[in-house]
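These are the residues of each chain, in order.
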Amino acid sequence: MTVSRSGPGGEEPRVPAPASGSRTASLVAPSRMRSAQRLVHSLLASREVAIVAVILAVVVTATAMNQTFLFSAQGWRDLLLTPSLLMVLAVGSAIVIITRNVDLSVGSVLAITAYMTGRLFIDLPGIPIAAVVVIGVAAGAGLGLINGLLVAFGKVPALVVTLGTMYIYRGIVLTWAGSDRINASDMPGEFLRLGTLQIGSIPLLTLVAVAVLLGAAYYLSSCRGGRQMYAIGSNPEAAVLYGLPVTRRVISAFIASGALAGLAGVMYAARYGTVSAGAGTAWELQAIGAAVIGGVAIFGGSGTVWGAAFGAVLLMTINRTLPIMGVPDFWQRAVVGALIIAAIVLDRWLAARQRRRLEQVREAPE
Amino acid sequence: MEPRPAEPVLELDGVRKSFGSVTALSDGRLRVMPGSIHALVGENGAGKSTLIKVVSGLHPRDAGTFRFRGQDVHFTSTAEAKDAGIAVIYQEPTLFGDLSVTENIFMGRQPLRWGRRIDTQAMITEAERIFARLGVDLDPRRPAQGLSIADQQIIEIAKAISLDAHLLIMDEPTAALSGVEVQRLFAVARSLRQEGRGVVFISHRFDEVFELCDTITVMRDGAYVDTVDASRTSREELITMMVGREVSELYPKTPVEVGEEVLQVQQLTRAGIFSDISFTVRAGEIVGLAGLVGAGRSEIVRAVFGVDPYDEGAVTMHGRRVQPGRPQAAIRAGMALVPEDRRQQGLVVEASVGRNIAAAIRGQLTRFGLITAAAEHRAAAPWAQKLQVKTGALSMEALTMSGGNQQKVAIAKWLATDPSLLIIDEPTRGIDVGTKAEVHRLLSELAGQGMAILMISSELPEILGMADRVLVVSEGRITGEFSRAEASAEAVMDAATSRHEQLRREGAL
Chain W
0 MTVSRSGPGG EEPRVPAPAS GSRTASLVAP SRMRSAQRLV HSLLASREVA IVAVILAVVV
60 TATAMNQTFL FSAQGWRDLL LTPSLLMVLA VGSAIVIITR NVDLSVGSVL AITAYMTGRL
120 FIDLPGIPIA AVVVIGVAAG AGLGLINGLL VAFGKVPALV VTLGTMYIYR GIVLTWAGSD
180 RINASDMPGE FLRLGTLQIG SIPLLTLVAV AVLLGAAYYL SSCRGGRQMY AIGSNPEAAV
240 LYGLPVTRRV ISAFIASGAL AGLAGVMYAA RYGTVSAGAG TAWELQAIGA AVIGGVAIFG
300 GSGTVWGAAF GAVLLMTINR TLPIMGVPDF WQRAVVGALI IAAIVLDRWL AARQRRRLEQ
360 VREAPE
Chain S
0 MEPRPAEPVL ELDGVRKSFG SVTALSDGRL RVMPGSIHAL VGENGAGKST LIKVVSGLHP
60 RDAGTFRFRG QDVHFTSTAE AKDAGIAVIY QEPTLFGDLS VTENIFMGRQ PLRWGRRIDT
120 QAMITEAERI FARLGVDLDP RRPAQGLSIA DQQIIEIAKA ISLDAHLLIM DEPTAALSGV
180 EVQRLFAVAR SLRQEGRGVV FISHRFDEVF ELCDTITVMR DGAYVDTVDA SRTSREELIT
240 MMVGREVSEL YPKTPVEVGE EVLQVQQLTR AGIFSDISFT VRAGEIVGLA GLVGAGRSEI
300 VRAVFGVDPY DEGAVTMHGR RVQPGRPQAA IRAGMALVPE DRRQQGLVVE ASVGRNIAAA
360 IRGQLTRFGL ITAAAEHRAA APWAQKLQVK TGALSMEALT MSGGNQQKVA IAKWLATDPS
420 LLIIDEPTRG IDVGTKAEVH RLLSELAGQG MAILMISSEL PEILGMADRV LVVSEGRITG
480 EFSRAEASAE AVMDAATSRH EQLRREGAL
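Each protein sequence line maps, in turn, to chains W and S.
Residue numbering for the first sequence follows numbering that gives the first Met the number 0, starting at 0 and increasing by one per position.
Residue numbering for the second sequence follows numbering that gives the first Met the number 0, starting at 0 and increasing by one per position.
Next up, chain W with everything else stripped away, as it sits in the complex (with noise of 0.2 Å):
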């Protein structure tokens, strides 16, 4: 540890040590781990890179009981592509649970924005694509605009807001569509082709996916609005007491969130070709099974989109696996539970494991 006691502050009179001996009794010492030793550290204890450890274990099985799981173009583009759409909406997901709330209506806001980008391309031919995903990711922005301001100032929980939200936008796509569908015919073949476009032998909506997530983990890591999110879900009542900007931050993560699914949306369309009503119907729900298997606290306050994202990649990629392996269909569903359920069972269980230690060390003798 080196304490700077240069600088503008060096002239400040240091408070004198008070008269008992054991002045550092109940104190914490700084850490003695030099920086690399520490990212080391961390990076062995982090969930992220667990969970990445069973992805790989995952499909290192599949790909032992099939080759073409890992080793054929079709395999390896899947294994990218599928989790994509998912990835997305996880991250959202995070970033509203970390701000200890929730958001039931991504699926239908998907299912909105999926149909409306067919819609947009039938109804105004030759709209440019740009346009057309701008105002996908715009019209999700604004549904979950609705769920902040109905969250922040309706006083309402959000799982209550978000719940009847769901509802009432999947209803709005119910009328909207009726049993009409979008199909790859009503849609420009350059905007089907992003769908299965790949850069260097990596799918395009990956790498879009892979964008979001870069761009998420920055904020949430690296800028005040981010680390004002985690400490909104952390403690509430400490933010309004701290002065935080409570209602403006989680009105905007909802506002990411519903873009990201508005994003979702566009995605959809892309890469299925086909838009029914029931596009997305439950994906909220994997959205948030993700989060959580990730190491999102459902509780907020803690997690990352890392871990969100890892965590949505996993679930895609059980899915695809269980079926090569034999496991019969009601298995599959199972094991989604299982993993869930373990996945909150391990954080509680690291909780109580890390809270003991940190009373330890206040409590041990010097």
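It is worth saying that the hints were derived from the structure and are not from the lab.
Glycine included, each C-beta is placed from N, C-alpha and C at the ideal position.
It is possible that part of the hints are untrue.
[To be verified] Mimicking SDA-like on lysine to any residue, the simulated pairs with C-alpha atoms at most 25 Å apart in a straight line are:
hint : chain 1 : residue 1 : chain 2 : residue 2
1    : W       : Lys154    : S       : Ala78
2    : W       : Lys154    : S       : Gly96
3    : S       : Lys252    : S       : Ser419
4    : W       : Lys154    : S       : Thr75
5    : S       : Lys252    : S       : Val438
6    : W       : Lys154    : S       : Leu57
7    : W       : Lys154    : S       : Pro59
8    : S       : Lys435    : S       : Val21
9    : W       : Lys154    : S       : His58
10   : S       : Lys252    : S       : Glu444
11   : W       : Lys154    : S       : Ser76
12   : S       : Lys435    : S       : Gln384
13   : W       : Lys154    : S       : Gly107
14   : S       : Lys252    : S       : Glu480
15   : W       : Lys154    : W       : Ala296
16   : S       : Lys435    : S       : Asp467
17   : W       : Lys154    : S       : Glu79
18   : W       : Lys154    : S       : Thr93
19   : S       : Lys435    : S       : Thr315
20   : S       : Lys252    : S       : Ala488
21   : S       : Lys435    : S       : Thr371
[As the list claims (entries may be wrong)] Distance windows between CB atoms, simulated:
hint : chain 1 : residue 1 : chain 2 : residue 2 : range
22   : S       : Ile370    : W       : Trp348    : 38 to 46 Å
23   : S       : Arg331    : W       : Val51     : 55 to 63 Å
24   : S       : Arg377    : W       : Arg355    : 48 to 56 Å
25   : W       : Trp348    : S       : Asp275    : 32 to 40 Å
26   : S       : Leu369    : W       : Ala337    : 40 to 48 Å
[Unchecked claim] Covered, in the sense of this in silico footprint (three residues per stretch, anywhere, with C-beta under 8 Å from a C-beta of chain S), are these stretches of chain W:
hint : stretch
27   : 232 to 241
28   : 310 to 316
Add chain S to chain W, keeping to what the hints say.
Using the frame of chain W, we list chain S on its own:
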């Protein structure tokens, strides 16, 4: 020390704050000079906390002058007050447990690098610099979770220092600290004074007030009483100023022949909460449990009633041991507890009055496992009548009733169990004056009928007027016992604030 500038850092005059019809603060006055430590003392409910919340921007004031560093200010949020340079350390530190110590200090004000990116290294260096200056050795990278209250307060102070706050307010910061930790806190406070900052220190411990503070402002019943120089006053004088009022005839307790012993509590101890509590309550007697908020009174009665566990000691009713940790056993032995927070613990406010009154005796009302509303009403009617519960019908929801009538319903519920001991926690909190008198008359009548009553109250006049015997609890111990004749406001207040000082004088701390 440099000569003090003449301009006060904080100036409050005639500050008023009401919540609905309740006036929490009628005349708040405070003048804090830079480079001084100013104590704010007063009984529970004297308005200290409300005054602080006005200063910190949590509550806007209704009227009065509020000048900070010579400027008239109107804070509408805690953020504004913070930006102006006011830091408040609350009794319970408010930290973000998941975040690191450093982030807790700099949240919202983190140093930035290019791209509005938080400069983590600069932040940690700055935190280490502040800790070094405070003379503490705290890992800036560890999460705030799991730190002791004392360390959490150090983080709050570090926050105030990093803000370069001109005014630091500490609301009972020493309540949960050990002797060494208190000394460390005082050293920090003195160094802040030396830097010319204003410090406001709220405490119930007079020895600390005299040890640390230059000036003392006394408050009572939401109003300013006086400001005195700490070197020219005494503990006795302060107590007189804090309690100085007449015990009115609002609190009639008719003298009753005191009967046999009903409740006996022997050396009840719960580690860290209370210890060595022994007392008795006799039939027809009202025993008042006095003390400051947080002294452990509610915890003691909860343990006696079996809601909370206890580690050592025994509770006996009519000479028979009551099984610990089982409220059902306590009820069977003849105890009844009307808790402090009626809305949360005493009543189901969404249910009907009849159902609430019958709730505690529900087991006796079942026919073939079913309870009918009619049966509930039959059982409830006599009690509602006896207590003059003002309600249109027993089917009315308790939610719609006034606080006083809710209290009566809560009492009626327990009287329906035919108890021989009634424990009542803060019987008249949040009740208007008229209903207060009714509740007091009711308690007096019940005692007259031979019921033993154990009453917790933070209102000194209520204790002095109602109780046949007063037990004073301070920091989890009984520090005084007075008969009705001996009990005076000064004596009770003295006992309620004494333990810590006594122990320190005896060299135990």
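Return the numbers of the hints above that this structure violates; sort them in rising order. Checked against the structure, the hints that fail are numbers 19, 21 and 28, while the rest are satisfied.
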